[in-house]
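A.B. asks: For reference, the chains in residue letters:
Protein chains: 2
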Amino acid sequence: MKIERILGMFAIVVSIAMGSSLVEKVKGSGLKAIPSSNYELLQLIDDPKDPITDAKVELGKKLYFDPRLSRSNLISCNTCHNLALGGVDGVSAAVGHKWTANPHHLNSPTVYNSVFFDAQFWDGRSAHLADQAQGPVQAGPEMASPKALVEKRINSIPEYVNEFKVAYGDHVKVDFERITSTIALFEKTLVTPSRFDLFLNGNENALSKEEKKGLNTFIDKGCASCHNGIALGGTLQPFEVAAKYKFSEIGDFKGNKDGMVKTPTLRNITQTAPYFHNGAIWSLPDAIKEMGSVQLGIKISDNEAKEILTFFKALEGKKPVIVYPELPKSSETTPKPTFN
Amino acid sequence: MKIERILGMFAIVVSIAMGSSLVEKVKGSGLKAIPSSNYELLQLIDDPKDPITDAKVELGKKLYFDPRLSRSNLISCNTCHNLALGGVDGVSAAVGHKWTANPHHLNSPTVYNSVFFDAQFWDGRSAHLADQAQGPVQAGPEMASPKALVEKRINSIPEYVNEFKVAYGDHVKVDFERITSTIALFEKTLVTPSRFDLFLNGNENALSKEEKKGLNTFIDKGCASCHNGIALGGTLQPFEVAAKYKFSEIGDFKGNKDGMVKTPTLRNITQTAPYFHNGAIWSLPDAIKEMGSVQLGIKISDNEAKEILTFFKALEGKKPVIVYPELPKSSETTPKPTFN
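Heads up: the sequence lines are chains L and F, in that order. Under the numbering used here, residue 340 is the last one in the first sequence; the count climbs by one each step, no gaps. Under the numbering used here, residue 340 is the last one in the second sequence; the count climbs by one each step, no gaps.
Think of the hints as simulated: they come from the structure by calculation, not from any bench. Everything numeric in this text was worked out from a predicted model, so none of it was measured. Misleading hints may appear alongside valid ones.
It does not matter which identical chain is used: a pair holds within one copy or between any two.
What the hints assert, rightly or not - Straight-line C-alpha distance at most 30 Å; calculated DSS-like pairs for lysine-lysine:
1) K98 to K254
2) K336 to K306
3) K318 to K299
4) K27 to K246
5) K173 to K289
6) K329 to K212
7) K32 to K313
8) K147 to K209
9) K246 to K336
10) K209 to K257
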């Protein structure tokens, strides 16, 4: 064997080891990839008691976009969790029925990748999406629809009833729980694989040198202690660990009764300003630095924030293609909208 | 020539004549089909000074769905002209910025097939869609965005600026007029051919016997005197010709300064309740009968209204497939939403 060839092999081995070391470091920090195969992904998100099917997802999509789920006929799930805008509304605090701002000045979290969260809502009070979906539909400052109104509206629309039968069988009861769990089934499919996943799944060239550096800084600074798992977030973590937020006067949220907050996902974070539970900060570098002082008790420099931001761009994911639905028409018995 | 053969030919001629007679009657009443070829359609709707291209239409679609064109970041063109709901909002009077109802209690007309209208708005004050699109974006009770705000928002989003360059060339000025005329170019493509068009374009079996009967009643009653052209509407006609509306206390619209109103299109009318300039009537048969007394000075019976309704179902058109857009992200210089 010639020396060149041996050196060549050595170079390859070193290169793999250097690349692998970051992958191992990332995995060791609790960060996980979205599985690259649909089969593995389904293993993670599917519930055998209510399996994902095309008919349910298509119906759930219609319901997600249907403003007739709101009392006024004007607000849909997509109003605050806009799939065209990274799954958010681009305002600090959600605005709902009668132009009411969220009473706790809470920011609408993204729906993309929310299937990977341990808990839903900022205080983590819902264990899963089907439970979460029931909240905003009924909440007075959001869609303001009592369960009975939602049930009456949907059951008054023959095409909807038929689609529920196709999805769940002829004996399906189209009640509030079924309507909202169908929305959740659609939401489960809103998964956005990114170059970060390609990297973790074995393609070391999927990230640039600068992005790898940013990822390294992200871990070294301790960000991954809260932002981990597939969502790089979505778990309950202590609120204001090291210091108070600078803007703590905006809104009254201080975590749940145990002082915990659901960490936002960092996937598509470059697309989901403004940031934090109260949407108080619009600049992502500022948000990164604020997290350093509030949660980690450290100073993150301008340069380090920039490096981390560079990594975040690799978390911009490929959104599922969504054909905008044609919603079934109301009938003469469909309850009319009201605005009070 | 054998007698059978002559009789056979005679039978064919008679059959064509009988089918043709309704087609001729329809055409004689001023009703027109959407052309069956894209070439002919383009001849009708395209403007050589600002021709329709894929790049413009795709950009216009994004702007149409983008709530950042509104002062609050919450209201898009699609909020009131919802493409999932037949191009309307399903409420009597439009609701906009700060939950403000339209001050004249005017109902949002459908955007589908609006390219075929002679004039836009209920009072016909706009000659074309590019002019129309400028109104609601700026109007205080609708999207409430001054021109300068819209221009600043769009120009602060690098991906949008780039898309304008791709669509119009590097020297494009991304001003309010360009932004709204691009929306109008997308709207021009919202054409929904129906079975009625197949029928007028030569397929006599495209309408059922009952639908043909309804079409015949529609013409005999005089409906086509206002609801004609390709849109079966969209022209200015006298308001309250024969009698006052029963609900005239709802809203203050009485036609434009010449006492004229833009007739709504009847395409997809089964999907666009509630009806009339003030959305006062939710039942389509009731609306048909009210038109008889208010505009034609005749009584339309329950049975005749039912026949006409049967014909209206043949006007439900095939909507263009719309992939829901992924909107370009805001930058740190994008003007923030305001809610006052």
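A.B. asks: All the hints need checking, so say for each whether the structure fits it.
C.D. replies: Going down the list of hints, with the structure as the test:
1. K98 to K254: For K98 and K254, the Cα distance is within 30 Å both inside one copy (26 Å) and across copies (29 Å).
2. K336 to K306: Between copies only: 23 Å across chains, 51 Å inside a chain, cut-off 30 Å.
3. K318 to K299: neither (33 Å within a copy, 58 Å between copies)
4. K27 to K246: neither (33 Å within a copy, 71 Å between copies)
5. K173 to K289: neither (50 Å within a copy, 37 Å between copies)
6. K329 to K212: between (51 Å within a copy, 23 Å between copies)
7. K32 to K313: For K32 and K313, only the intra-copy Cα distance (17 Å) is at most 30 Å; the inter-copy one is 52 Å.
8. K147 to K209: neither (52 Å within a copy, 43 Å between copies)
9. K246 to K336: Between copies only: 20 Å across chains, 45 Å inside a chain, cut-off 30 Å.
10. K209 to K257: Intra 43 Å, inter 68 Å, cutoff 30 Å: neither.
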